[in-house]
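Participant: Residues per chain, in single letters:
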Amino acid sequence: MGSVSTRKIKPRKSPSVKPNFCSDGGQSGGLVENWQELAIAKLGEEVRSNRALRVFLDSCVKCGACTDKCHYFLGDGDPLNMPVARQDLIRGVYRRYFTAAGKFFPKFVGALDLTESLLEDWSTYYYQCSECRRCSVYCPFGIDTAEITMVGRSILDAVGIRQNYIHTVLDNVNRVGNNLGMIGAAIADTLEGLEEDVLEETGVNVKFPLDDTDADVLLLVPSADLFAEPHVDGLIGCAKIFHQQGIRWTLSTEASEAANFALFIGDDEKMQQMTRHVRDTALKLGVKQVLVGECGHAWRVASSYWPDITGNGLTADFETLHICEFTYDLLRKNRLQLDRSVHNNKVITFHDSCNVARGSRMGEYPRDVYRIPRALLQAACDNFVDMAPDTICEHTFCCGGGGGLLTDELMEVRVSGASPRVSALEDVIANQGVTHMAAICAICKSQFRSVLPKFDLDMNMIVSLHQIVGDAVVLNSET
Amino acid sequence: MSATFAILFYLAGLILICGIVWKVLSYARIPVRYLLPIAPAPQSSGGVALRILREALFFESLFKANKWTWLFGWIFHYALLVVLLRHLFFVTWSIEPWVVMLFFPGDVAAWLMIGSLLGLLGRRIFVDRVRYISTVSDYAMLILILLIGITGVVLRYRVPVDIMATREFTLGLMKFDLTDLPRNVVLYLHLASVVALVAVFPFSKLIHFPGYFFSPSHNQKYPTAKMKDLSR
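These protein sequence lines map, in sequence, to chains E and F.
Note that our numbering numbers the first sequence so that position 190 is 190, with each residue one more than the last.
Note that our numbering numbers the second sequence so that position 91 is 91, with each residue one more than the last.
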């Protein structure tokens, strides 16, 4: 990992970068009066009801394996961005109030009183963690900082410190059904526009059906796919594949959001509510399959949380697949007709999105989650290269904007967090002439589009995987 | 002194057993709400067993993380195991030849154990990241185990102790039939630090030993996808 800038601790930044918080929480627009009591009670509730948290808080031996693995630490050297130090902000409180050692010998075991300044650190550093789980790959006990960050955020929420960006998104979902607050008419309008664009460009009438009750397949995309660049090109790619294969598919105005930001703040209730909403819509439409589009944490939620939220009913009523699993199945059966020559002038690399690479599965074998996206890119383009081995697959670096950090006021953190990934990218640009980096996550794509220019790289380097595949799809004339 | 140590041993043993049972039961009682394995995760129970074995026996993740910590940590744990096996001499009713055969490997392991502990202590002191995350108890734990190791080596080479009499004492403990512990300050120190280690086990980070097996990151599996054919 020679390309990464620092593994040494630097002084803590002061003041450190914080997200904006909602002004409507609590009694005076912020911290509630009995916050300390509430926070400790909530932590107690969590350690008594969440085995992962309890085991993670107890088991850490402070071996230091994780200390140089977080992209935010590698970017800025802030000691509290070392995963174990970030965990210790809660571990110390757990020890102080819930363990014998911390009650009787707090100094000796590093137990911490929950003071207002410690809560400040929580609200800073639990929002400088993208819940990407990279550290947990190296932990001998699999201690997962993401779980601890989620709990930290849920406690902050309970005492009135609610991060503005995540809650704005959640309010949109609640009100309209998607993160961006796009109403049904706007979606229909956008899709019509896409049909015209594709017709103009290819001369083929590729459909973008909406709320089609005859459909076999519901495509559940992150709402960014409906308009943002390069996300929308991925959606177009999917539509071309469906068209070529003659598959009856649809998007939905009801379930117009794959993302589930409730995961980021450990809000079980909201996460379950959104999941049930998708399930109900799929049942109403009567589809046989739900395909989850290019959104990292959406696939984590779908593959890891849906079955437990809805019981086995979900898998009994319809199948849930990742869009890459779906496309790969076509490829494997030699059904995809691709013209690779369209990409002759490109050299493509792949950014494994953290939530997919470390929090989900694909296909039939454990490593299919890395193999399938690469197989798709290699099928569509002759020139594919991987970045350094310690920066891909389970070792992948987060883009720097995941976990609810994709907001402007955190730009400084986002840029420094992106730097480990970008230096790996710069290596393959310099040595292997890479021109494009494909991703399968809406947050990754938005983040790289914003931060690549800060490293003097072209924002158009970042592309959707299904854009690369879709561009190579050979379209039959009218069907 | 013999009576004091006898009481301490019984007490520490009781704390250890009750503490671990209590911890394990409390872990087992708390639910895991979702699938939380760290990918790439196995998709069969055999795969899960293999993953846990690789971690428990070879410290696979730690190996990926940091070669020095892995080296010192791995040597320490295995050396400790061999040293513990060497001490079977003190708790087996008859003197088994295979236990006596463990004397020499045990002696070597004691040195390896001390060396690796010094390595771990060195990392804690000299690597700024590890120093930052260390609390007093982290140093204390290393020093306590070092003390056990060093007093053990001193008893072996410098201040010999009547091991047959010591054996009588430990077997006596097991039969609730107390005999005299040899008078030896180093032995007292050795035993006192062992008692301390055993007693703090359930309340300290040493609980990582049973705790690890409850980590959903490594003990869960993903279901395998079954793909329906919808293209026509």
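A few of these clues could be false.
Distance condition first, Cα-Cα at most 16 Å in a straight line; then the derived EDC-like pairs of lysine to aspartate or glutamate [as the list claims (entries may be wrong)]:
#1 E/Lys10 with F/Asp162
#2 E/Lys8 with F/Asp177
#3 E/Lys284 with E/Asp216
#4 F/Lys67 with E/Asp390
Some chain F residues flagged as far from chain E (calculated, every beta-carbon gap over 12 Å) [what the hints assert, rightly or not]:
#5 Arg33
#6 Ile52
#7 Ala65
#8 Trp93
#9 Phe103
#10 Leu120
#11 Val130
#12 Val154
#13 Thr166
#14 Val198
#15 Leu206
Derived by calculation from the structure, the hints in this document are not laboratory data.
Quick reminder that beta carbons are idealized off the backbone N, C-alpha and C, glycines included.
Participant: A separate judgement is required for each hint: does it hold in the structure or not?
Facilitator: Going through the hints against the structure:
1. E/Lys10 with F/Asp162: 54 Å, violated
2. E/Lys8 with F/Asp177: 57 Å, violated
3. E/Lys284 with E/Asp216: 12 Å, holds
4. F/Lys67 with E/Asp390: Holds - the C-alpha atoms of E/Asp390 and F/Lys67 are around 14 Å apart, at most 16 Å.
5. Arg33: F/Arg33 not clear of chain E: closest Cβ-Cβ about 7 Å, inside 12 Å.
6. Ile52: Not fine: 10 Å to the nearest Cβ puts F/Ile52 too close to chain E.
7. Ala65: 3 Å, violated
8. Trp93: 36 Å, holds
9. Phe103: 30 Å, holds
10. Leu120: 8 Å, violated
11. Val130: 4 Å, violated
12. Val154: The claim holds: F/Val154 sits with its nearest Cβ about 27 Å from chain E, beyond 12 Å.
13. Thr166: 31 Å, holds
14. Val198: 15 Å, holds
15. Leu206: Violated, because the least Cβ-Cβ distance between F/Leu206 and chain E comes to about 8 Å, which does not exceed 12 Å.
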